[in-house]
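Engineer: Chain by chain, the residues:
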Amino acid sequence: MRGVGSLSALSGDCQRGFSPAPACAPPPPRVSPPGLGQTMASSEEDGAGGGSLEEKEKGRKRRLGALATAWLIGYNIAMTAGWLVLAIAMARFYMQKGTYKGLYKTIQKTLKFFQTFAVSRIFMVWFITHSIKQIQNEESVILYLVVWTVTEITRYSFYTFNLLNHLPYFIKWARYNFFIILYPVGVAGELLTIYAALPYVKKTGIFSLRLPNKYNVSFDYYYFLIIVMASYIPLFPQLYFHMLWQRRKVLHGEVTVEKDD
Amino acid sequence: MKHYEVEILDAKTRDKLCFLDKVEPNATIAEIKNLFTKSHPQWYPARQSLRLDPKGKSLKDEDVLQNLPVGTTATLYFRDLGAQISWVTVFLTEYAGPLLIYLLFYFRVPFIYGPKYDFISSKHSVVHLACICHSFHYIKRLLETIFVHRFSHGTMPLRNIFKNCTYYWGFAAWMAYYINHPLYTPPTYGDEQVKLALIIFLFCQLGNFSIHIALRNLRPAGSKTRKIPYPTKNPFTWLFLLVSCPNYTYEVGSWIGFAIMTQCLPVALFSLVGFIQMTIWAKGKHRSYLKEFRDYPPLRSPIVPFLL
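Those protein sequence lines, which keep their order, are chains A and B.
Read left to right, the first sequence gives residues 140 to 400 (my numbering).
Read left to right, the second sequence gives residues 0 to 307 (my numbering).
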């Protein structure tokens, strides 16, 4: 009965436009750690000769490599799980409806919601925090990092357990309730970080293109950031209310299933 | 003569909105819409969509009541299309904007570039030429709207005017700002580049105009007939041999010419966005042609010969 219950929960989520896991967690700074490069069939590093200092360096790199490797493997499993969920939702739709017409419409809101999410994350990491080093120690950075961490751990464990058809209720509860606090806090962290970066952007003119130049175009990253901050005003409420709507549907659906049992 | 009765229900709520009795069998949908407006004046005919099925396609104004699959009491479903605005109004507004806006930048009106440059004209000849070309293009469009085009539909939804004007006016301001900027850099290859660009631009303007005239001549005044366009004696129309919508092909060509002339990235981006939009329209038009005409020439592509 419990197995059936969680299957219904899975199908219920699929029918309601199950949230897929896009490439939303902050990507690791390297594509593959040096350690991995050595264990894979890469000939480049083998060529380097070594004194003892170099060997010590290599040793340290290998240990760091192992950690990063473990993280990467975990990250990739999670990514796979997330996208697998989306694939299952799509396959289910096709099996039930016999057509792919309307599939995008079913998953689009959630997909767009998470992809927008992903874009803003990539932007925060690479175009703000990484590029403008002076703000890396701001409290607002810690704020959004903690929020993202808690959010992602909750989300990926939710997907993993779901796939294993063994979803503890508290995970589901966490997934659909934590965001109520985490979203606004995360947004605050992001906005404060961008705001802190503004004076440095103005001073250095980073990512900006000035006149004159032969393509007769200019770009002011400072004003672009101000527009980005302003865009949170229409975007954030939409995302927030979408999550609230999903929460109502899923948690309400859960109640119905239990009654049937 | 047997008269019909027509009841009009709301497509969403199925409420009875209007009951017309003693309707002539040869009455058109347009006439029925006029009768409906009498009882609901806020729904002028242009914003009425009447259909036989609540979820079906809209009936055409020319459809005749007795030719429809209805009994002597016809049930029509009504959907409100929202506030409407005439195509002519939209075109005039969206084209007048760029014409004026560009000139504001060209004449270096105050508060744009700084007091040092107010009303000072550019020292580059290409900047003057660009202004003439840009203005010519939009004056041509305005005149074509008034004198040449024959529109299938009278109106479009009101919100389109805000969307369209933002697009045209926004891009016009963006490109005009850079072309007329005191720090504008003339084209890398100088006069040769400008000359070549001007030839492309003029050629495509003439081409585009020729196609508009050819399309106008396909359709008698006041009618909504659709025919396959064919090449005429005008060599610019020979592009019809290869393409369904040569007016769009020439339009993209004009803007490419203008981009080469000004060597301005915003112009290139405007050309690209325009190209994408016109390709979508051309593909739609091409598909309609294929659906409607069995004998449609197979060699034609929508917008780019052989490719797109």
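Think of the hints as simulated: they come from the structure by calculation, not from any bench.
Among the hints, erroneous ones may be present.
Said to hold, decoys possible - Computed cross-link-like contacts, DSS-like style, restricted to lysine-lysine with a CA-CA straight-line distance of at most 25 Å: (1) A:K341 to A:K353; (2) A:K353 to B:K59; (3) B:K122 to A:K353; (4) B:K56 to B:K15; (5) B:K56 to B:K11; (6) B:K290 to B:K226; (7) A:K272 to A:K342; (8) B:K59 to B:K15; (9) B:K290 to B:K56; (10) B:K226 to A:K236; (11) B:K56 to A:K353.
Engineer: Against this structure, judge whether each hint is valid.
Structural biologist: To see whether the hints hold, each was checked on the structure:
1. A:K341 to A:K353: Given that 25 Å is the threshold and the Cα spacing comes to 23 Å, the pair holds.
2. A:K353 to B:K59: With a Cα-Cα distance of about 53 Å, the restraint between A:K353 and B:K59 is violated, given a limit of 25 Å.
3. B:K122 to A:K353: holds (17 Å)
4. B:K56 to B:K15: holds (20 Å)
5. B:K56 to B:K11: Judged against 25 Å, a Cα distance of about 14 Å means the pair holds.
6. B:K290 to B:K226: holds (12 Å)
7. A:K272 to A:K342: holds (13 Å)
8. B:K59 to B:K15: holds (22 Å)
9. B:K290 to B:K56: It holds: about 17 Å lies between the C-alpha atoms, which stays within 25 Å.
10. B:K226 to A:K236: violated (40 Å)
11. B:K56 to A:K353: Since the Cα atoms of B:K56 and A:K353 sit roughly 52 Å apart, the hinted pair is violated (cutoff 25 Å).
The structure fails hints 2, 10, 11 (numbered hints given earlier, in ascending order).
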